[in-house]
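Q: Could you fit the two chains together into a complex? Lean on the hints.
What follows is each chain in one-letter form.
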Amino acid sequence: MLLIASAVSIGCVGPARSSSAYIDKGRTSAAAALSAVRSAELATDDLRRDGLFAPQLSIVLSDAADEASDAEGSFASIQPPDPSLDPYRSELDGVLGKATDVLSEMRIDARRTDSAGVLARAAALPSIAQELERFAGPQL
Amino acid sequence: MKRILEIFLGILTAFGGFVDIGDLVANAETGARFGLSLAWVVLVGVIGIVLFSEMCGRVAAISHRPVFDVVRERLGVRVAFVNLVASFFINFLTIGAEIGGLALVVELATGINYLLWVPLLGVAVWIVIWKVRFQTMEKAFGLTGLALLVFVVALARLHPDWGSLVRAATHPSVPPSEDLATYAFFAIALLGAAMTPYEVFFFSSGAVEEGWTREDLMVNRANVYLGFPLGGLLSLAIMTTAALVMKPRGISVDSLAQLTLPIGLTVGKIGVAFLLIGMFAAIFSAALETSLSAGYTVAQFFGWQWGKFVKPREAARFHAVVLVSIGAATLFILTTVDPVKVTEYSIVLAAAALPLTYLPILVVANDPTYMGTNVNSKITNAIGSVYLVLLLAVAVATIPLMIVTKAGA
Numbered sequence: 001m002l003l004i005a006s007a008v009s010i011g012c013v014g015p016a017r018s019s020s021a022y023i024d025k026g027r028t029s030a031a032a033a034l035s036a037v038r039s040a041e042l043a044t045d046d047l048r049r050d051g052l053f054a055p056q057l058s059i060v061l062s063d064a065a066d067e068a069s070d071a072e073g074s075f076a077s078i079q080p081p082d083p084s085l086d087p088y089r090s091e092l093d094g095v096l097g098k099a100t101d102v103l104s105e106m107r108i109d110a111r112r113t114d115s116a117g118v119l120a121r122a123a124a125l126p127s128i129a130q131e132l133e134r135f136a137g138p139q140l
Numbered sequence: 001m002k003r004i005l006e007i008f009l010g011i012l013t014a015f016g017g018f019v020d021i022g023d024l025v026a027n028a029e030t031g032a033r034f035g036l037s038l039a040w041v042v043l044v045g046v047i048g049i050v051l052f053s054e055m056c057g058r059v060a061a062i063s064h065r066p067v068f069d070v071v072r073e074r075l076g077v078r079v080a081f082v083n084l085v086a087s088f089f090i091n092f093l094t095i096g097a098e099i100g101g102l103a104l105v106v107e108l109a110t111g112i113n114y115l116l117w118v119p120l121l122g123v124a125v126w127i128v129i130w131k132v133r134f135q136t137m138e139k140a141f142g143l144t145g146l147a148l149l150v151f152v153v154a155l156a157r158l159h160p161d162w163g164s165l166v167r168a169a170t171h172p173s174v175p176p177s178e179d180l181a182t183y184a185f186f187a188i189a190l191l192g193a194a195m196t197p198y199e200v201f202f203f204s205s206g207a208v209e210e211g212w213t214r215e216d217l218m219v220n221r222a223n224v225y226l227g228f229p230l231g232g233l234l235s236l237a238i239m240t241t242a243a244l245v246m247k248p249r250g251i252s253v254d255s256l257a258q259l260t261l262p263i264g265l266t267v268g269k270i271g272v273a274f275l276l277i278g279m280f281a282a283i284f285s286a287a288l289e290t291s292l293s294a295g296y297t298v299a300q301f302f303g304w305q306w307g308k309f310v311k312p313r314e315a316a317r318f319h320a321v322v323l324v325s326i327g328a329a330t331l332f333i334l335t336t337v338d339p340v341k342v343t344e345y346s347i348v349l350a351a352a353a354l355p356l357t358y359l360p361i362l363v364v365a366n367d368p369t370y371m372g373t374n375v376n377s378k379i380t381n382a383i384g385s386v387y388l389v390l391l392l393a394v395a396v397a398t399i400p401l402m403i404v405t406k407a408g409a
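Residue numbers (the working numbering), protein chains in the order written: chain A, 1 to 140; chain B, 1 to 409.
Pulled out of the complex, with its shape left as it was, chain B reads as follows (with noise of 0.2 Å):
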């Protein structure tokens, strides 16, 4: 019973936790702008996500290993080099990006100025990492991320048709008033948010603080397979329910102020104050994830002890890894840069880089030394080429998109 308690717990974490201010923004900007034309972005995007993520975890529980250490090994110090200054890189600017997202949050809830706030929930987010175990942080912000269901009660409050949504869904098409290039780009910015890289890398080490082993391939498998397509289908709420209301009305979105509208409208106050404390706790999660990846992947390519399964004072260089990674990444959003925005170019610098987190992810999950018997099935192997050729595509096409769209404008 306790097991089975604890799995649906996970799944419900996960749920919980896959939505992130990236997910936040590029599904409502999408939805408002796009309809449901690029839905099917969102799929491919949960089915990479589950793919890659279920070889981390299980790389995790057979190895005891986290995948950025494993990958450092198994490919040598200058293919992991470039994975950690790529991963870094866009980590730091998602750190910024959670932070910057929570200040607006509270701006929300509170009407004072997010400027005000990012000191000092850069400083909670450090303090959480400090003080709270692992297990505790990752339920808690979780399960509360839960609250923004709200977004599928104003779904069922709207009184969709369906068939058409379904319709519109499974046959997409460019919307007359956007061209290829701009479409492109967004299903580019929907893929990135999906499979940003922080995501495998603290899912792969927290295994490891939790203490994985082969007993827990099926809380993995649980986790991956029901929690993260449950948070998809979240994803897919927050995209319907913005191309329900905003889109007819000619509204783009591109402040998270605007998310309130929709559940204002249908579900009411009540409804806005779990929207507020769903986005907060979801970003707050996710501030904790990026902040925790910096640390893991830098201290895992040195070889340094890392993690919070370990006192502080043994693994100093992680935890000051973490520190500096959230000092600066508060100072860069005190710089008055717009957190929407550098959550829209983290998003869509992520897909550029998605080949150099999942090559090396592929490549280990196969290798009989560290897997044993646990390699990838032929059918995992199939699926994962056929993402990391869509992937080389999306990396190769990102930046000129970029360029020719003017960032999707």
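Bound conformation, chain A alone (with noise of 0.2 Å):
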């Protein structure tokens, strides 16, 4: 068992040894990070509906910032291969940091029961999420 969960767990990150698997790790960081905002979205338009009590919707706004963190911190650990990666890298982690600072804050407003500084922030999401996608590629 435990030898399996090695196996498993040492595959999660590991050193991108090529552009293409940089890229690749890139991508499913976005993913990660455009599930994470997805999550946040829907989350808000059931707030404005009044769908959800305020417990749910923190601990939605929280697993999302820690998804779009895990995402950024798993990234970040991340060598390019070569410096012609270097504006890639550095561009996609600007994003993956706004992801994770506006669900951040939308967490703190979220446990103020603040429901009107979560649907202010929330205005942010769509372009992050827009910037996510072009990093992630099509997730359909």
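Take the hints with a grain of salt, since some may be wrong.
If you anchor each label on the Cβ, the simulated ranges turn out as follows [what the hints assert, rightly or not]: (1) D70(A) / I399(B): 25 to 33 Å; (2) G73(A) / I270(B): 53 to 61 Å; (3) S164(B) / R134(A): 27 to 35 Å.
Rather than coming from a laboratory, the hints here were simulated on the basis of the structure.
Glycine included, each C-beta is placed from N, C-alpha and C at the ideal position.
A: In structure tokens:
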């Protein structure tokens, strides 16, 4: 069991040996962050329709912030295989950071049961999602 | 009239108790990721669990002994021991997953961190097992689990194009964004969730607890032929809701909290309240079943007195195993391991061990020494044999696929 768990977990993050592998890892991180951002968007849709109680909104946003932060950390821990990918790294890193920041702020507002604050910050989500989509590629 | 009511209640209980945390997680994850292209696995899983549960119920009603007890006697200590070790380990993971899942549901309702609820819920599970009558316990939680029908309401409110849903479910294909190995891995997870071994151990021991006889064969058939397929439809409703709401948005489901989103969107707060009640009841019911199954398998293997139909003092070792299993699983979840991840691993490993559970059942259900004239029909044996070949293939493929796909990552 431990061997299996190790084999599986070791495979989660690793160094990128080629440009395509690096971009692949970028795509995976962007897709994870995009999923978090879309989750938060759906939660705010629910909030507008009065479809969620405060604890569920807070937990969904908290999970989304953690997921985006994990994606950001995971991508940041991989070194680009050659300098030509430095601009790609800095651009994606910036978008992932933006997603993490907005979701973290939404989490704080949700914990303070400040629905107006959550909705105000959610206005930034569609443009972040659009930027992440560029890196994640088609998800359907 | 009383008999009809009893059968009807049994069907509803089997229906409401069909879904547990494994089904909730596996169906929502696959729906969000693969749409309905894995819906066929739910059908395969439901037919399998119906087939083998009916055999287990029949063995219990005719021989008045649970399947595990008969397996040890019929196939010997070694085979039964391998079966015991594999099923007990998976069962232990499942108890942990259910107690952790319960805590997550309570966290969703209260906003208080789930780890604070874990010990309290472990104690609650044990108290219910200790104090509440078997039938009361089974029916109360099974029937309350029907609140999960809110997924069917949500699905109706989404006004889907039913024709295209049926087309997607009946023309399965690997989505362009996924590879075949990942598709196969999720198929195995779904099968493991639908055919988890504890279900048959609990079903057959439960039949003995309730004192089933030859006259109860009708109740057995009604429960499995109607209750389980209805539960399968509920699983499909969960998968379809996730496919319609989450997949188009590119949302991957990796927490129970996300299940509230499509319900809140379509049914509103009242729907979310039903969802939380339904998830709590369904998962609590499964926590009771898995905890009892731990006691059943160990006590039946060693030939100890077991069950809730005798006073706890007379089945002390059985209750001790149940208590230790709940305590250890509670401590395991308190290590902060993610209950959803534990669920994912438990259903996949369950799939790897399926032949160990189901082969002995097929052998016993064909033995006239125990079954008299009520042995399997030729059709049942033919379908059972096809399933065993399938389950063997699944068992061989599970671990390699888990490694290759990084557990479906």
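Q: Would you mind marking each hint as holding or not holding in the structure?
A: Hint-by-hint comparison with the structure:
1. Checked against the hint of 25 to 33 Å, the pair D70(A) and I399(B) passes, with Cβ atoms roughly 26 Å apart.
2. Hint check: G73(A) to I270(B), Cβ distance near 39 Å, so the stated range 53 to 61 Å is violated.
3. In this structure, S164(B) and R134(A) meet the distance hint of 27 to 35 Å, their C-beta atoms being roughly 29 Å apart.
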